[in-house]
Amino acid sequence: MKTIKKIGLVIFLFGLTTFISLLFLGKFELTPAQFEQIVSNNRIKSDVFITQINKEVVGQELNGMYSLSSKIGDALEKANAYHRKNKEYKKVIYSKPQDLAAAIGKKSASGFIVNNKGLMWFLTFGLSIIGALLFILPNYVLLGAKGIKNDGIYHNNATNKGWVAWLVFFFLVSFYLILYFKSEYAVNWTFLVDPISEFLSGNPAGHWFVYGFMYCVVMTVMAVRMYIKYRHNVYQMVRTTSVLFFQIVFAFLVPEIMVRLQMPYYDFKNAFPLDYDFFFQWNLKSLINSGGIGMFILVWGIVLTLVIVPVMVYFFGKRWYCSWVCGCGGLAETLGDPYRQHSSKSLFSWKVERWLIHIVLVFAMAMTIMTLYSFFTETRVVLGVKTQTIQNIYSFLIGAVFAGVIGTGFYPIFGNRVWCRFGCPLAAYLGFVQRFKSRFRITTNGGQCISCGNCSTYCEQGIDVRAYAQKGENIVRSSCVGCGICSAVCPRGVLKLENGPLEGRINGKDILLGNDVDLMELVNSKIK
Amino acid sequence: MEHIVIIGNGISGVTVARHIRKNSDKKITIVSSETDYFFSRTALMYVYMGHMKFEHIKPYENWFWKKNDISLKRAFVSRVNHTDKKLELSNSESIDYDKLIIATGSKSNKFGWPGQDLDGAQGLYSKQDLDTLEKNAPNKETCKRAVIVGGGLIGIELAEMLISRNIPVTFLVRETSFWNGVLPKGESQMLNEHILEHHIDLKLATNLVEIIADENGKVKAITTDKGETIACNVVGLTAGVTPNIDFLKDSGIEIGRGVKVNRFLETNIKDIYAIGDCAEQHDPIGQRRHIEAVWYTGRMMGEALAQTICATKTEYKPGHWFNSAKFLDIEYQTYGWVFSEKTKKEYEAHFHWRHPKEKICITIAYHKESKKFLGINTFGIRLRHEIFDRWLTEARDINHIVKFLKDANFDPEFFKQYESDIATQFNKEFGTSIVPQKKNWKRIFSKA
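In order, the protein sequence lines correspond to chains A and B.
Residue numbering for the first sequence follows the numbering used here, beginning at 1 and increasing consecutively.
Residue numbering for the second sequence follows the numbering used here, beginning at 1001 and increasing consecutively.
Think of the hints as simulated: they come from the structure by calculation, not from any bench.
Computed from a prediction, not measured in an experiment: that's the story for all the values here.
Cβ atoms here follow ideal geometry from the backbone N, Cα and C, with glycine treated the same way.
Do not rely on the hints blindly, as some may be mistaken.
[What the hints assert, rightly or not] For each label pair, taking beta carbons as the anchor points, the in silico distance ranges come out as:
# : chain 1 : residue 1 : chain 2 : residue 2 : range
1 : B       : Phe1445   : A       : Thr17     : 55 to 61 Å
2 : A       : Phe436    : B       : Arg1074   : 33 to 39 Å
3 : B       : Asn1207   : A       : Arg435    : 55 to 61 Å
4 : A       : Lys6      : B       : Ala1075   : 49 to 55 Å
5 : B       : Phe1445   : A       : Asn203    : 52 to 58 Å
6 : A       : Gly500    : B       : Gly1227   : 46 to 52 Å
7 : B       : Gly1227   : A       : Lys2      : 33 to 39 Å
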């Protein structure tokens, strides 16, 4: 069994290495016809740019994306500088260099990778999946009888911030940096999934399709790990299935199919303000111009945020969204599960958390109010600030850096819910409802707590669960996503996630159940 | 300002300190020779197993003590001088006190086995024991086999710890079935099976005779009363614990096995109290033991004594007995009294249900004549403490328990529930026709 695991690891690493090496490989030969098409698609009017690309790129064989993208970036920069100097603002190209490079790369790539998409898919995705499963499946036997299997987590370098963890950290951060800021390098990756994308939406794949597909694959493989690890705990199995279903169907398949049906791309479960650009002008316009379905999405998006989300949180706690439906949560609960113990439990972190997440919420709301004001009054500037600037800052800082690079990249070091805990504005909003008006709580079982600390250690949201449990107090915290792991790892059956009457939900006690009833009454009545 | 000195920073000492602080601004000092800060003793095993690091088993962050004005002193008390109200420390310093609370806990039993003090023979109680084990049994290469002597809760925890590092374990248990001095036979039998399932070499009705040393004075093997010699590198001595009070000999404080206390947890000397594992009641409370070496009772004694220290004189009057443990993968909870065949009174009868395949079972103890509910043991099913506490107070009969058992279920959502199976078997055995009632929030939250 251990040999199978080792073989699996080797196969996985081979697939992953091939995947990474694609960043640097590939042949690009841009034909004049292809370039003409790109010029017209992107409405490029810069003769300077066209001339330089014709001279340096068209008809040449370039190896690797770096040589192509540096030439394009260079041409773009020169052209724009020239036009700005001559005040030919209509000729300035506003496309980002990485988008242009990606578009040219996508069109002009030739050679082995493009001609053997299926084989290349197998050598990257295929081998990684097979390898990972070979690594994971033997655990069914190796972990022994069902139960909590956390042996050696703090002895293992990968799960105890050792060099493996730092390597994963480096990989994830680099991956997100490429995805958000250097997407032209992902061009070879898009070829791998072109057939799948064409099958679903009819269009060739872009880098966001790669990401969506990869997201589903990673979640599925890591869900298998969850099923094996928590096979004694039905709550975990059901929850994992739910989150996987919503990712694959709602976040991945439905939007692609909608595109095929000439409808707007929309993820029906992605609620504002997590879906921060829902009210952006381009989105509103696209929805309004999409007829009936567009209006339906518009109404659905608003009702989802204003009615469905809070009502569901009232009945079930924010877990129904954060650990049953949400994509960010879904990745955190599958890929991130091995790292859940790293979220800091200190009081200091809790303070930072409350400041940060609420600042992001305020930021999101302010930006949206500005956006809507601009939209209805048809101005671009509110109180002397360009709406577009604020949107760009939010998209960059929160949408890309916080949610992506930090949110997922930092899994191996700061735990799997960095974004959900410190940044997600939707989580902040749900948190208010959960804290002040919800039937959900984690019930503490009388006086049974032995203060062991498993619950706090494995809380991905950094809640010091033990601090409540050892006081006999229920856990009612706005940040709790209801993953249920505290209850699972408790060796004494102290914690239970449940939805019950509001009365008695928060029940501070000084003297715990099991002691003298008179003493309990005497002391506990004082703190009421 | 009155100076309260507490010897011992375990759950008892720390609870009494916290509650004194809640009620007063007395000067509080906790003296411990074991660690700088309070930690959860019951969680030491998880540090060895790699579930947590030592810092995770400290229930309060380090700033907590200063913020609450509780001084911590790392020192070993070698003598109590109650005439001068002074503690003499091993480093020849001394501490004056106005009131002294002894909460020094336990130490592992050693019954005079030959070789019991050899290098490699150890108990498992303190942080130092954990450090020793880390040295003696870091992996299966250094420790090729371990033998554990004594089939109680610490013994099975030590076994679980060692097998988590793939160290083969032989488990010597004096009784004919695991922990059957406490558990009824059905449960004890199920645990025997579970222990074997984890590839622990369980040897029942077997006693340690001698621990044999190699030429360096390290443990090499043991012999049993069955004439067997078992090669091993570590011997875990886990045959129970005994109060850790050697330093009180000749102090004038009355001691038996532990520090003798009355119901107010007062010793024979004015202003000296004892709580937790080291306290011994003159007369046991209800069906409890003289000495209760349990996490919860230590905490409850601390809660009660703090009131007395803060001028609300309060008896230690624990409510209904409850306890919990975990045996490898099986959680155990108990509410009220369920005695084993060896210890039960003639009026106590049991209803036992066991799942046909899974390691899940319950035992309900009841009074033969009146059918009054006495207590319940569950394995693999979590129960709601509050409900059972209430049912015990209300002196319900066993039929009531079976009928409303769903109210008391505390398993996570979606778990399979067995109340109907339990009722079916109960009806068959007792000729009743009880229909289990659906869980009802009103009943769960109603105050009796």
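Against the structure, the hints:
Hint check: Phe1445/B to Thr17/A, Cβ distance near 58 Å, so the stated range 55 to 61 Å holds. In this structure the supplied range 33 to 39 Å is violated for Phe436/A paired with Arg1074/B, their Cβ-Cβ distance being about 44 Å. Range check, Asn1207/B to Arg435/A: about 57 Å between beta-carbon atoms, so the 55 to 61 Å window is met. Checked against the hint of 49 to 55 Å, the pair Lys6/A and Ala1075/B passes, with Cβ atoms roughly 51 Å apart.
A C-beta distance of roughly 56 Å is found between Phe1445/B and Asn203/A, which places it inside the suggested range of 52 to 58 Å. For Gly500/A and Gly1227/B, the hinted distance range of 46 to 52 Å is not satisfied, since their beta carbons lie about 60 Å from each other. For the hinted restraint 33 to 39 Å between Gly1227/B and Lys2/A, the CB-CB distance of approximately 37 Å keeps it satisfied.
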